[in-house]
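Engineer: The listed protein sequences correspond, in order, to chains A and B.
When the letters of the first sequence are read in order and numbered with this note's numbering, they come out as residues 1 to 273.
When the letters of the second sequence are read in order and numbered with this note's numbering, they come out as residues 1 to 243.
The reader is advised that the hints may include incorrect statements.
[Said to hold, decoys possible] The calculated EDC-like cross-link candidates involving lysine to aspartate or glutamate, where the alpha carbons are at most 16 Å apart (straight line), are:
no. : chain 1 : residue 1 : chain 2 : residue 2
1   : B       : 128       : B       : 97
2   : B       : 150       : B       : 115
3   : A       : 78        : A       : 233
4   : B       : 216       : B       : 196
5   : B       : 216       : B       : 200
6   : A       : 78        : B       : 200
7   : A       : 78        : B       : 85
8   : B       : 135       : A       : 80
9   : B       : 135       : B       : 164
[Unchecked claim] Which bits of chain B does chain A cover? Going by a derived footprint, with three or more residues having C-beta under 8 Å, they are:
no. : stretch
10  : 77-84
11  : 91-99
12  : 174-188
Hints are computed from structural coordinates only; laboratory data are not their basis.
We put the beta carbon where it would ideally sit given N, CA and C, even for glycine.
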Amino acid sequence: MRDIANVAVREMRMGFRNPWAYTFMALFTLFMFSLLVINAQDYVTGYSGASSTMLNLGLYLLPLMALMLGSFSLTGEKEDGNWELLTTYPLGTLSFLSGKYLGLAVVLLVIVAFGFGLSGAVGWLTGGGLEPVTYWHLLVFAICVSLFFLGAAMLIGTMARNRWQALTASVAVWFFLIIAWPSVLIAVLGMLPYPWIKPAVTVLTFLNPAELTRLYTIVQLGGGATLGPEYYEWVGWIRSVWGPPVFWAIMLIWVSIAIMISYLVWERGRGRG
Amino acid sequence: MADKFVRFEAVHKVFNGKTVIGEVNLAAEAGEVVALCGGNGAGKSTLLRMLAGIIRPTSGQITIGGLRWENDRRRYARQLGYMPDDYRFSAGLTALETMLFWARLRGLGEARAREVLELVGLSDTGRKPVTSFSKGMRQRVLFAQALLAKPPLIVMDEPTNGLDPYWMGSFVQLVRQAAAGGQTILFSTHQLQIAEALADRIVFLRDGHVVLDGTKSEIREKYGASGLQEAYGSIFGLPTAGL
Chain A
1 MRDIANVAVR EMRMGFRNPW AYTFMALFTL FMFSLLVINA QDYVTGYSGA SSTMLNLGLY
61 LLPLMALMLG SFSLTGEKED GNWELLTTYP LGTLSFLSGK YLGLAVVLLV IVAFGFGLSG
121 AVGWLTGGGL EPVTYWHLLV FAICVSLFFL GAAMLIGTMA RNRWQALTAS VAVWFFLIIA
181 WPSVLIAVLG MLPYPWIKPA VTVLTFLNPA ELTRLYTIVQ LGGGATLGPE YYEWVGWIRS
241 VWGPPVFWAI MLIWVSIAIM ISYLVWERGR GRG
Chain B
1 MADKFVRFEA VHKVFNGKTV IGEVNLAAEA GEVVALCGGN GAGKSTLLRM LAGIIRPTSG
61 QITIGGLRWE NDRRRYARQL GYMPDDYRFS AGLTALETML FWARLRGLGE ARAREVLELV
121 GLSDTGRKPV TSFSKGMRQR VLFAQALLAK PPLIVMDEPT NGLDPYWMGS FVQLVRQAAA
181 GGQTILFSTH QLQIAEALAD RIVFLRDGHV VLDGTKSEIR EKYGASGLQE AYGSIFGLPT
241 AGL
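Same shape as in the complex, but just chain A (with noise of 0.2 Å):
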């Protein structure tokens, strides 16, 4: 603990030190801004075509910071020689990634925090603010896809040799799970017999972090009857008391799951020498 301890500390302080963290922060703030005239023309109560905008919004900025902010992070260590001369160190590599990724979460809930902080204050200040149930669930939403995708990004720095590599695989992989992916949805669910489609659904929905938070907030929102008859279980269960724990249960799985493989890949590149 004391190491995954360190190895956070470190990565705060060269996170809240680095320019880019402030580029993102500033441009994340703007964002939230934007978001608080869109919901000026139409006050926010519930799920509306307002809180849908910012929902989309949001999931087309938070991956692309998450994943950039992580996966350069990781591939730095490689290119530098940091990770060579740690390994020189008793530190174990579970230790390191865990430290990386639990340091690289504060500042990047620290830059969702006052983007959402200074735009409620703002918004609460001028009355044209959101409802706070509304504006809760918006920010949970934000931190879950900002974890999430943190999760990922592990795996590209993982698998990327230097930021370039992590740079090209960062928009693949957005592109692929924020802009394509209904399209792509569609298609695959188009080529599936009947009785395929609903579970294929829902392990296409698991293994995709921005549909299943999206997912998760239209339904905690009240939106749960324009997704669709495919997705009725969904609402039963999100809509449940077990709705929550079950949703930060996944989340934690998955992050858990792309920790686990980037270790094994840390171990065997350690191992293999």
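Go by the hints and put chain B onto chain A.
Structural biologist: What follows is chain B alone, placed relative to chain A:
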């Protein structure tokens, strides 16, 4: 070789089908200073990186105080301090923050981090990030981290690159102090005068093979040369002027 502290036994390394280290047998006693010399691509850094546990030998075994990396990585790592040749410091961190991170990984506190920075004359660099330091200053930070836990073995890859004459002298003194305290030191260098000034034993490598291993006096005796540079020239068939 049973009483040697560091041992390379029939160590062989192949990278992408190319043999970079032939069958190397090498040993160092506790408190001994061994210099690895040779041209570019001779295999000096590869040997040191294998000893530090960064890369694995394709065959053969390496032990430090009887410990093998494969058997207990953590204990093995506690036996050594490693100074890399090629390293880029993390942006934004000061010398103290960087050292403190390394110190904590070794279970040490701020007092020791400050102490080693003091040793290499970098205790007053304040809020200045290490990335803004000169090459020589960064080398001193790396040297300081290798000394942190007072390990029984210090492994250094080209440690004097970028050092000015004043710090070169201090470096020689610090290494001698460490050896006098019983620490074993293995380092690679292109600078024969540093090898001559520091090492008890000098190992010449060529194409991944040890071509000569002996004390300075043994080398002189064997080659009838007046100095190490003469011996180097004789072994590698090079003119000695300017080496």
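Engineer: Sort out which numbered hints this structure fails and list those numbers smallest first.
Structural biologist: Checked against the structure, the hints that fail are numbers 3, 6, 12, while the rest are satisfied.
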